[in-house]
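Participant: Same order as they appear, the protein sequences are chains A, B and C. For the first sequence, the tail end lands on 149 under the numbering used here, and the numbers increase by one without skipping. For the second sequence, the tail end lands on 144 under the numbering used here, and the numbers increase by one without skipping. For the third sequence, the tail end lands on 1251 under the numbering used here, and the numbers increase by one without skipping.
Do not take every clue at face value.
Stated by the list, open to error - Just so you have them, the derived chain B footprint on chain C, three or more residues with Cβ under 8 Å:
id: 1; segment: 1104-1113
id: 2; segment: 1145-1154
To be verified - Here are the computed distance ranges between Cβ atoms for each label pair:
id: 3; chain 1: B; residue 1: Gly133; chain 2: A; residue 2: Asn122; range: 29 to 35 Å
id: 4; chain 1: C; residue 1: Val1024; chain 2: B; residue 2: Ser67; range: 19 to 25 Å
id: 5; chain 1: B; residue 1: Gly76; chain 2: C; residue 2: Glu1008; range: 42 to 48 Å
Because the hints were derived from the structure by calculation, they are not lab data. For clarity, every value in this text was computed on a predicted model and none was experimentally measured. Yeah, the Cβ is synthetic: ideal placement off N, Cα and C, and Gly gets one too.
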Amino acid sequence: MDRRKFLALSAVAFAGLSIAPALRPAFGATKLEEEIQKRLGVQLLQIKESADIKLTAPTIAESGANVPITVESTIPVDKVEKLYIFVDKNPSPWIADVSLSPMNGQVYFSTRIKMGETSNVRAILKLKDGSYVMATKEVKVTAGGCG
Amino acid sequence: MAVGTGILRVPKEAKKGEVVRVQMVITHPMSPARKDPQTGQQIPAHHLTKLDLLFNDKLVSTINMGAGVSANPFMALTLKVEESGVVKIVYEDNKGGKWEKTAEIKVS
Amino acid sequence: MKKKLLLGVFTAGAIAGGLLSTKAFAQVEGEISPEEEMRLVQEFNKMLAEGVNPGEIWYEVGKEAIKKYHLDKCDLGLGPGVFKGAAAQLPRYFADAGKVMDLETRVGWCLQKYAGMTQDQVLKFVRQCWGKSGNCMSEYDGIIMYLTMESNGHKINVNLKDPHVKKMFEMGKQVYYTRLGPWDFNCATCHAGKKEVRIRATRLWSADRPGEAGGAVSIFPKYLVRWGMPMSMHYRYAECIRQMRWPEFIPHSDLGVALSTYMYGLANGTEIKAPGIGR
């Protein structure tokens, strides 16, 4: 086949690939997106991932009943208003929020959360200037052994 | 069961300006609303809703939580201490339970 | 002819794009090796052990219960009411009872002697939270937690030179390695051998690898997050024995004492560090 035909066919194939994700049926906002919109007043899509916030959580959790998570940030606590914890796939994605003040000394929160299944855990910081930053970690929840 | 019993752990001493860790464990089922598998009846949720951290009676942090936090939850925050004083946590659940615990820090 | 070809390529592109973005592909990419999975599970257990162990709540429960049931009169081997370091030298022979006893059996004996309980009442007291998968706090678990924590930092030193204790040690060892029950299981089925035994991604400790028995028993009672309460050694025996389809384990029986003597005997030298925490 000549070059023109080849280029035309490639363009068409590429166009097909690009719109493929949009062909997936749209179910509307997920529960997570709804919760975030409700509690933060912004859309999940608008919140940027940032390396300034560190979310420590195990990659594998032997039990979904008690998953240790720790949130820290290099952002000075004086600039931070609140910290939110969400689990994408929980029946209720909102887990907790923590209001922080300069008396905390630093951005730090550690706790244990419940997870029903493998899912992303998200730590979202609301800054005093109204902006948001986020860290996400996927935790695989497995059934442990017997015993 | 002694719901609401808590452990509040802070260092006994610290230097002025030091950031110390405040560690807590509260006895609580933290259960969501669910159906009794045998009777089919709805069992209402029973979980902590709020925990305030205070230092010398000034509010430092508030944790709002639901049944997504684990049973007998461990929680930790940090506190910058400029003076000696009393660390206090005041916490409540959705059934009207309300408790508090204190611990002292000596700051030099 | 040209239109059909274009449509075909377009559709093929769309299908390929759709498939690439589905989970099927993502899962194949995300599979991890068994070794990596085990390492990650160990990391999880390490994270769990940080912070404050909820099992410590039972310490205060036990402190109150000891007063309530007059266990300040109980002699664990170092004198009546002397609890610091006492759990570390158990099991041991008690002349007043005429037998070797481990911590739980001795507490059961003291409950009968000083709190006026019958043997049946003791068993009920022990089993108060057994089978309850949450929201249960028993005074017995509190007592065992308190007494064990009072030995934190003390090295386990079971006196294997005492002939009574040695006899129990040998009996425990024999039971440990004897296949019984409809499945021909024994403790050694899971907890022995030089080679690693795993259940899914959890590596099991072995009595035949030095130091591991110590690592296992020195952290009991162990707070189990799936039950929201601590598990004592005798509850552990009851559960293992049930899972092996052996006849029902009776708390504080000679079988329990024999197993404790064997395992704590192997654990000599290990520092007690209760409560542990796990799934």
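Participant: Determine for every hint whether it applies to the structure shown.
Facilitator: Now the hints, each set against the structure:
1. 1104-1113: With 4 residues closer than 8 Å to chain B, the segment 1104-1113 of chain C meets the three-residue bar; holds.
2. 1145-1154: As far as the segment 1145-1154 of chain C goes, the hint is violated, because 0 residues have Cβ atoms under 8 Å from chain B.
3. B:Gly133 x A:Asn122: 29 to 35 Å: Roughly 32 Å apart at Cβ, these two residues keep to the hinted range, so it holds.
4. C:Val1024 x B:Ser67: 19 to 25 Å: holds (21 Å)
5. B:Gly76 x C:Glu1008: 42 to 48 Å: Taking Cβ atoms as reference, glycine 76 (chain B) and glutamate 1008 (chain C) lie about 43 Å apart, which means the hint holds.
In terms of the numbered hints stated before, the structure departs from hint 2 and from no other.
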